[in-house]
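Listed below, chain by chain, are the residues.
Number of protein chains: 2
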Amino acid sequence: MELYGERGYEQTTVAAIAERAGLTERTFFRHFADKREVLFAGGDALQEALLSAVDKAPDSLAALDAAAAGIEAIAVLLPDRAVAQHRQAIIDANPELRERELIKMASLSNALATALHNRGLTEPSASLTAEIAIAAFKNAFERWVDKTNQLGLQELIQQAFVAVKALSAEAQPASR
Amino acid sequence: MELYGERGYEQTTVAAIAERAGLTERTFFRHFADKREVLFAGGDALQEALLSAVDKAPDSLAALDAAAAGIEAIAVLLPDRAVAQHRQAIIDANPELRERELIKMASLSNALATALHNRGLTEPSASLTAEIAIAAFKNAFERWVDKTNQLGLQELIQQAFVAVKALSAEAQPASR
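Quick note, the sequences are listed as chains A and B, same order.
Residues in the first sequence are numbered from 1 upward in steps of one, following our numbering.
Residues in the second sequence are numbered from 177 upward in steps of one, following our numbering.
What the hints contain is simulated information worked out from the structure, not anything from laboratory work.
Idealized CB from N, CA, C, for every residue including glycine.
Check before you lean on any hint, since a few could be wrong.
Only part of the chain A face toward chain B is listed, based on derived beta-carbon distances under 8 Å [to be verified]:
1. Leu64
2. Asp65
3. Val76
4. Glu99
5. Pro124
6. Ser125
7. Ala169
Take the sequences, apply the hints, and build the full model.
Shown next, in the form of structure tokens:
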């Protein structure tokens, strides 16, 4: 990641990454499928934390609140803000990486929808709750990596869920 | 699009598409930057319809309801269900096209957030409302192209917004 910052993502070879990390290229490829993987390592752990927190949420908790618990469990696992800012700058500068990031988020959303479905939530509510929760996470994350913002990620996530609930509260009542 | 269905997207050349449409290759490229563009033609018109409907929504309408009006304006412009199913099957089968579709949705969401911001909605509410509205659209669209579903797209969109409001209503009140 340091090398991506110094040389730019495009210009950084796997050989250079492996050398900086004190690995052979062969060992590098045993850990990462390609140099993109370095930026997306840990994605499985995030998904597991998300699903585990939703599974453990009390049955009495509303779906949106159970999803919020899952999102907060992800936030705990993220690197510190400086590293997240660094990673985000690399991703923002590369269309291929931006696409990969969108796909990662879509995949987290699908996993969350399944976990909510397992709690007994039906469609379309399970998918919609998952999308809303991921939107709240993305929103909080974007504000967190913004250098002008001084709040912590957990606080920003809570703010996002508060805003979601307020939006619905002021909308016209759902006529069924 | 017929050709993509007959031969598969990968196997269809621009020459074959142009021939079927009665165009020269040169004329084809005047209309579309590449063969992917055929599947994503009309994206600008969708975005314009979305923004125009949000701008025209009465000031008294809550942000989520103004966004819903924008989404319903998109739905009116979509092709009929058989064509949408056909297009979706092509996109689902090709990772590059799936990525392109995700980026198209992210771009619609950004445009919608700007339109809501122009109505006086602040952050993070503008971005969150936009993301929620796009999530409702995607959800309704997925149900619409699903062959087992018999409801119309407008009705599915309304159901999705009803579900969004219900989710927030049953969640714990936002403590500020």
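Taking the hints in turn, this is what the structure says about them:
| no. | hint | in the structure |
| --- | --- | --- |
| 1 | Leu64 | 4 Å, holds |
| 2 | Asp65 | 5 Å, holds |
| 3 | Val76 | 21 Å, violated |
| 4 | Glu99 | 4 Å, holds |
| 5 | Pro124 | 5 Å, holds |
| 6 | Ser125 | 5 Å, holds |
| 7 | Ala169 | 7 Å, holds |
Consistency note: the structure conflicts with earlier hint 3 alone.
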